[in-house]
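Asker: Sequence order for the protein chains is A and B.
Note that this note's numbering has the first sequence beginning at 1, numbered continuously upward.
Note that this note's numbering has the second sequence beginning at 116, numbered continuously upward.
Calculated from the structure, these hints are not laboratory results.
No residue lacks a Cβ here, since even glycine has one placed at the ideal position from N, Cα and C.
Possibly wrong hints are sitting among the right ones.
[To be verified] Not the full set, but computed from the structure, chain A residues with beta-carbon under 8 angstroms of chain B:
(1) K40
(2) F42
(3) I45
(4) I56
(5) Q102
(6) P103
(7) Q104
(8) D108
[To be verified] Label-pair ranges, simulated between beta-carbon atoms:
(9) B:N135 - A:S96: 23 to 33 angstroms
(10) A:G101 - B:N118: 15 to 25 angstroms
(11) B:T180 - A:L83: 37 to 47 angstroms
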Amino acid sequence: DTAVSQTPKYLVTQMGNDKSIKCEQNLGHDTMYWYKQDSKKFLKIMFSYNNKELIINETVPNRFSPKSPDKAHLNLHINSLELGDSAVYFCASSRSTGGWGQPQHFGDGTRLSIL
Amino acid sequence: ILNVEQSPQSLHVQEGDSTNFTCSFPSSNFYALHWYRWETAKSPEALFVMTLNGDEKKKGRISATLNTKEGYSYLYIKGSQPEDSATYLCAFAGGTSYGKLTFGQGTILTVHP
Chain A
1 DTAVSQTPKY LVTQMGNDKS IKCEQNLGHD TMYWYKQDSK KFLKIMFSYN NKELIINETV
61 PNRFSPKSPD KAHLNLHINS LELGDSAVYF CASSRSTGGW GQPQHFGDGT RLSIL
Chain B
116 ILNVEQSPQS LHVQEGDSTN FTCSFPSSNF YALHWYRWET AKSPEALFVM TLNGDEKKKG
176 RISATLNTKE GYSYLYIKGS QPEDSATYLC AFAGGTSYGK LTFGQGTILT VHP
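Isolated chain A, as found in the complex:
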């Protein structure tokens, strides 16, 4: 059973469209994260939720909106997609707030390509 699963794995879409990426974890963790892997391959935090509450919100365009319907799910909705949004997006989860002392468990990533 996959611990952290993201869908879709690949997403190819036109500039200006709105799209969502879904993430689910079955580990019983209470904290979930979205990361963007940038062009230099760094993993950069975008958002973090603890028990459905937003706790980290990095400087991300407000076209990106996370939604956590329950603590096992954290979805990422992106409005008006731009060419610069092309990247690999990773979801992760951890046992305690912020994952400072707890390892994070990652999904396989969603490769978003904007045409």
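Given chain A, put chain B in place with the hints provided.
Answerer: Frame of chain A; chain B shown alone:
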């Protein structure tokens, strides 16, 4: 902006060689240092989380040390095997942004049979 740097960027070794690489991070407001292994076409997998200065952790042939006063951690692999080929990421937890991990760029290790 927190700086987390890893060196070298890439490393090629022969099977059976022992190797090590470095992660440098801020020495103030430290909380934890994470190491992850990231194999191609898979997701990053946690190796260690280290919180105490002088900490040493071991998992099979892989071990890590931590020096929080000078801001560095070493990852060692003893007797490298081809299946150790992966990108090794470190991530710093601390500073003023509660709960945020700042990742290094990674060291790409290739072990040749």
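Asker: State for each hint whether it applies.
Answerer: Hint-by-hint comparison with the structure:
A cut of 8 angstroms between beta carbons decides the hint on K40 (chain A): the least distance to chain B is about 7 angstroms, and the hint holds. A cut of 8 angstroms between beta carbons decides the hint on F42 (chain A): the least distance to chain B is about 6 angstroms, and the hint holds. Hint status for I45 (chain A): holds, given a least beta-carbon distance of 5 angstroms to chain B, under 8 angstroms. The beta carbon of I56 (chain A) is positioned within 8 angstroms of a beta carbon in chain B (closest approach about 6 angstroms), and the interface hint is therefore held.
Among the interface hints, the one on Q102 (chain A) holds; its C-beta lies about 7 angstroms from the nearest C-beta in chain B, closer than the 8 angstroms criterion. Of the supplied interface hints, the one on P103 (chain A) holds, with its beta-carbon coming within about 3 angstroms of a beta-carbon of chain B, less than 8 angstroms. Interface hint status for Q104 (chain A): upheld, as the beta-carbon distance to the closest one in chain B is roughly 7 angstroms, under 8 angstroms. A distance limit of 8 angstroms between C-beta atoms decides the matter here; for D108 (chain A) the minimum to chain B is near 5 angstroms, and the interface restraint holds.
About 30 angstroms separates the C-beta atoms of N135 (chain B) and S96 (chain A), a value consistent with the hinted range of 23 to 33 angstroms. A C-beta distance of roughly 22 angstroms is found between G101 (chain A) and N118 (chain B), which places it inside the suggested range of 15 to 25 angstroms. A beta carbon spacing of about 43 angstroms between T180 (chain B) and L83 (chain A) agrees with the range 37 to 47 angstroms that was offered as a hint.
Hint check: no violations occur; every hint is consistent with the structure.
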